[in-house]
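Number of protein chains: 2
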Amino acid sequence: MTNGEVRMTSRPIGVFDSGIGGLTVVRAIRSRLPSESISYFGDTARLPYGTKSAETITRFAFEDADFLVRRGVKVIVVACHSAASVALEKLCARLAVPVLGVIEPGARALVAATRTGRVAVIGTNATINSGAYERAIRALARDIEIVAKPTPLFVCLAEEGWLDNEVALAVAQRYLSGLADEGVDAVLLGCTHFPLLSGVIAKVLGPAVRLVDPGSATAASVERLLREQGLLAQGAPATSGTMRCYLSDLVPNFQLVATRFLGEPLAEVLKADLANDQ
Amino acid sequence: MTNGEVRMTSRPIGVFDSGIGGLTVVRAIRSRLPSESISYFGDTARLPYGTKSAETITRFAFEDADFLVRRGVKVIVVACHSAASVALEKLCARLAVPVLGVIEPGARALVAATRTGRVAVIGTNATINSGAYERAIRALARDIEIVAKPTPLFVCLAEEGWLDNEVALAVAQRYLSGLADEGVDAVLLGCTHFPLLSGVIAKVLGPAVRLVDPGSATAASVERLLREQGLLAQGAPATSGTMRCYLSDLVPNFQLVATRFLGEPLAEVLKADLANDQ
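Going down the list, the protein sequences come from chains A and B. Following numbering that gives the first Met the number 0 from start to finish, the first sequence increments by one per residue and tops out at 277. Following numbering that gives the first Met the number 0 from start to finish, the second sequence increments by one per residue and tops out at 277.
What the hints contain is simulated information worked out from the structure, not anything from laboratory work. Warning: the hint list may mix true and false statements.
Stated by the list, open to error - When the alpha-carbon atoms are kept at most 25 Å apart in a straight line, the in silico PhoX-like pairs for lysine-lysine are as follows:
hint, chain 1, residue 1, chain 2, residue 2
1, A, Lys89, B, Lys270
2, B, Lys202, B, Lys270
3, A, Lys202, A, Lys148
4, A, Lys270, B, Lys89
Stated by the list, open to error - Anything over 12 Å on all C-beta distances counts as not near chain B; from chain A, calculated:
hint, residue
5, Ser30
6, Ser34
7, Glu62
8, Ala92
9, Arg93
10, Ala147
11, Ala179
12, Arg226
13, Gln228
14, Glu267
As the list claims (entries may be wrong) - Residues on chain A that point at chain B, a partial pick, calculated with CB under 10 Å:
hint, residue
15, Ala44
16, Leu94
17, Glu133
18, Leu152
19, Gln172
20, Arg173
21, Ser176
22, Ser247
23, Asp248
24, Leu249
25, Leu255
26, Ala274
27, Asp276
Note that the Cβ used here is the ideal one computed from N, Cα and C, for glycine as well.
The task is simple: from the sequences and hints, build the whole structure.
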């Protein structure tokens, strides 16, 4: 093994999201691959992405990925479902490092979870309107029946911290009460914010419906990709990787919200200035 | 009158907002000053502002204002309450054209509306945390009692178009049901989105509480400022001003949402590229 290869394996995994929600994916990666270092970029100055046009989301996704590439990451994980839905293929085609999104792992986990062959995907307007999840699911199981439903207010509820009050329940009922009647038995949580609302979502859908969070499936895909490409960190299994978090805006309460998603406080947080980063 | 002065009066009024909601202020200006032309900038690529830090909102506000100054506007109206709350004084100090925000006109209208001397201001986190409305109100009426309350989910409801359903009612009750009990008799709608929800807000607060929308008060202030500075458009009263709208992202359904705020469809819409505009 050459020195160049050694250096490559010790580089961090790059993860980006429109904001802080992508830390749920980081949490899954760190749990599965504790020796890996991670550089995270959250575009908190321009969030959310899910309400914006595919053209603008794609431009933002390239700026975010380029920022991480300049920091020497060995792979890019697109944790934002909206960005992965509209820009993943273009990112794969144009970046010099491997790129992996939440869509294909999420679709695979959803197909594995259903017994009835009737599933649902919920997400932002950008994610659902792109049809990316439906294409990924049909590529795995042609005859599956899919209900795709935008549920944008779940993002606001998670940001406000209203996770299980009467408003959260009313929103979940309005969006989801029809799904159980349609025989759906597995629902993909197609936005990084939605796992925070899984309690109230489960209450509306009932115990027969399984909720699928792509986070752990994505972490498994990251491990497979790194192993295939000889990029796994070479430290002893007990060696802890480092975690560095870049945010484009140090939004109020970001540490509180980050802890909610990551399960622990952020140790190292840096303000990122995308406009002047070359 | 010199040619230079004639050209100055025929220049457009510049209005900016984080998104499309500021068209409610445009509507009030056009209704009051139909001969004036207006150039509007909506930062739809980076909205919302109200969840972000004062530092980032200030940076965005300068970029937005500079964009309009480069288009030759004779005055800048900051229609976004979050931007006006944190950046108005800095904009006034540094821009070469007069700058006017929604805060002072809104505070004046609120003070005129109360009988009990107990008022409330609702807005985004950035607007409420800035304390700008409280300072403006106290400068007009030192002994007034003010309840200031962030109500961020109202922004999401307006964006989703959920203006009077059971979710909108549940949100309004959670935020506002205490206000009437506190003897408040006038509430300032401190965000361009909130007038869309005035029906459900009024339902929770009851008929004794007056809702104050700063839009028309701001239009009156614009007229006064233009008159004082000799900048009123010189056309015959029947001459209609033009309206040009720049958006940093052509978000899905922008025409539908714009019509909701403006009361008519947008005639001329241009995509604005802030990063490459010099």
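A quick look at each hint next to the structure:
Restraint check: the Cα-Cα separation between A/Lys89 and B/Lys270 comes to about 22 Å, which is no more than 25 Å; the hinted pair holds. Restraint check: the Cα-Cα separation between B/Lys202 and B/Lys270 comes to about 39 Å, which exceeds 25 Å; the hinted pair is violated. Using a Cα cut-off of 25 Å, the hinted pair A/Lys202 and A/Lys148 holds, with the two alpha carbons roughly 18 Å apart. Under the criterion of a C-alpha separation no larger than 25 Å, the hint pairing A/Lys270 with B/Lys89 is consistent with the structure, at around 23 Å.
Interface exclusion of A/Ser30 from chain B stands, the closest Cβ pair being 29 Å apart, more than 12 Å. The non-interface label for A/Ser34 is consistent with chain B: the shortest C-beta to C-beta separation is roughly 34 Å, beyond 12 Å. Residue placement check: A/Glu62 does not keep its beta carbon more than 12 Å from all beta carbons of chain B (closest about 9 Å). No Cβ of chain B comes within 12 Å of the Cβ of A/Ala92; the nearest lies about 23 Å off, and the non-interface call holds.
No Cβ of chain B approaches the Cβ of A/Arg93 within 12 Å, the least distance being about 19 Å, so the stated non-interface status holds. Look at A/Ala147: its CB is around 15 Å from the nearest CB on chain B, clear of 12 Å, so calling it non-interface holds up. Against chain B, the non-interface label of A/Ala179 holds: every CB pair exceeds 12 Å, the least being about 19 Å. No Cβ of chain B approaches the Cβ of A/Arg226 within 12 Å, the least distance being about 38 Å, so the stated non-interface status holds.
Look at A/Gln228: its CB is around 34 Å from the nearest CB on chain B, clear of 12 Å, so calling it non-interface holds up. No beta-carbon of chain B comes within 12 Å of the beta-carbon of A/Glu267; the shortest separation is about 19 Å. With a least beta-carbon distance of about 5 Å to chain B, the hint placing A/Ala44 at the interface is held under the 10 Å criterion. Taking 10 Å as the C-beta cut-off, the interface hint given for A/Leu94 is violated, the closest approach to chain B being about 20 Å.
Interface restraint check for A/Glu133: the shortest CB-CB distance to chain B comes to about 18 Å, outside 10 Å, so the restraint is violated. A distance limit of 10 Å between C-beta atoms decides the matter here; for A/Leu152 the minimum to chain B is near 6 Å, and the interface restraint holds. Interface hint at A/Gln172: satisfied, since its Cβ lies 9 Å from the closest Cβ of chain B, which is below the 10 Å cut-off. Contact between A/Arg173 and chain B, as hinted, is supported at the beta carbon level, the nearest pair being about 6 Å apart and thus within 10 Å.
At its closest, the beta carbon of A/Ser176 sits 12 Å from a beta carbon of chain B; the interface hint therefore is violated under the 10 Å criterion. Interface hint status for A/Ser247: upheld, as the beta-carbon distance to the closest one in chain B is roughly 8 Å, under 10 Å. Interface restraint check: A/Asp248 against chain B, minimum CB-CB distance 4 Å, threshold 10 Å, status holds. Annotation: A/Leu249 was flagged as interfacial toward chain B, and the flag holds, the nearest CB pair being 6 Å apart, inside 10 Å.
Because the smallest distance between the Cβ of A/Leu255 and any Cβ of chain B comes to about 13 Å, over 10 Å, the interface hint for this residue is violated. With its C-beta approaching chain B no nearer than about 7 Å, A/Ala274 sits inside the 10 Å limit, and its interface hint holds. The beta carbon of A/Asp276 is not positioned within 10 Å of any beta carbon in chain B (closest approach about 13 Å), and the interface hint is therefore violated.
Going down the numbered hints, you'll see the structure goes against 2, 7, 16, 17, 21, 25, 27, while the others check out.
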